[in-house]
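Q: For reference, the chains in residue letters:
2 protein chains.
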Amino acid sequence: MPKEEILDPQGQAVVRALGRIGVEGVSDVRQGKRFELEVDDSVTAEELEKVAATLLTNTVIEDYEIVGAEVKK
Amino acid sequence: MPKEEILDPQGQAVVRALGRIGVEGVSDVRQGKRFELEVDDSVTAEELEKVAATLLTNTVIEDYEIVGAEVKK
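Chains as they are written, first to last, in my numbering: chain P, 1 to 73; chain A, 1 to 73.
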């Protein structure tokens, strides 16, 4: 997601568009990216951290969060 | 996220780039969008559904999931 101090014109465009579909009560929208990775057991948490910080995120303007999901057999 | 049957060239580019930073064991990457909305109590689940389905998602090629987060006072 864009860092809090970074302007997010795409999110602001969504806020303005909400009126058109008659939805009120949304004070802010931020748009970011989401990546879903399929990894095997050999991939460590440190490696995932490296992938997120060097390849998937522009850490100057974006923050990231790594979330684990289900184990596929 | 892009639907499963939709090609995701951005995700595939990430898969190819993983070798460059020495990470193996990632078999697939899919890139999608994430929106964070700040809403007040007046916004119903049906309205959020409408926002997601009509404004935030191109339902021809993308799926969406709505996840609740913390309550700010």
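What the hints contain is simulated information worked out from the structure, not anything from laboratory work.
Here the structure is a predicted model, which is why all the values come from computation and not from measurement.
It is possible that some hints are incorrect.
Unchecked claim - BS3-like, lysine-lysine: derived pairs with alpha carbons at most 27 Å apart:
id, chain 1, residue 1, chain 2, residue 2
1, P, LYS33, A, LYS72
2, A, LYS72, P, LYS50
3, A, LYS50, A, LYS72
4, P, LYS72, A, LYS72
5, A, LYS3, P, LYS33
6, P, LYS50, A, LYS50
7, A, LYS50, P, LYS72
8, A, LYS3, A, LYS72
9, P, LYS33, P, LYS3
Claimed, not checked - Far from chain A, some chain P residues (derived; all Cβ distances over 12 Å):
id, residue
10, LEU18
11, GLY22
12, LEU37
13, ASP40
14, THR59
To be verified - Computed footprint of chain A on chain P, listed as stretches where at least three residues anywhere in the stretch have a Cβ under 8 Å from a Cβ of chain A:
id, stretch
15, 45 to 55
16, 61 to 69
Glycine included, C-beta positions come from ideal geometry on N, C-alpha and C.
Q: If a hint holds in the structure, say so; if it doesn't, say that too.
A: Against the structure, the hints come out as follows:
1. LYS33/P with LYS72/A: holds (23 Å)
2. LYS72/A with LYS50/P: violated (32 Å)
3. LYS50/A with LYS72/A: holds (23 Å)
4. LYS72/P with LYS72/A: Violated - the C-alpha atoms of LYS72/A and LYS72/P are around 35 Å apart, more than 27 Å.
5. LYS3/A with LYS33/P: The given pair, whose Cα atoms are some 16 Å apart, holds under the 27 Å limit.
6. LYS50/P with LYS50/A: violated (37 Å)
7. LYS50/A with LYS72/P: violated (31 Å)
8. LYS3/A with LYS72/A: Not satisfied, since the Cα-Cα distance of roughly 32 Å exceeds 27 Å.
9. LYS33/P with LYS3/P: holds (12 Å)
10. LEU18: violated (7 Å)
11. GLY22: violated (8 Å)
12. LEU37: About 5 Å separates LEU37/P from the closest Cβ of chain A, which leaves it inside 12 Å; violated.
13. ASP40: violated (5 Å)
14. THR59: holds (14 Å)
15. 45 to 55: Since 5 is at least three, the answer is holds.
16. 61 to 69: violated (count 0)
In this structure, the earlier hints numbered 2, 4, 6, 7, 8, 10, 11, 12, 13 and 16 are contradicted, and the remaining ones agree with it.
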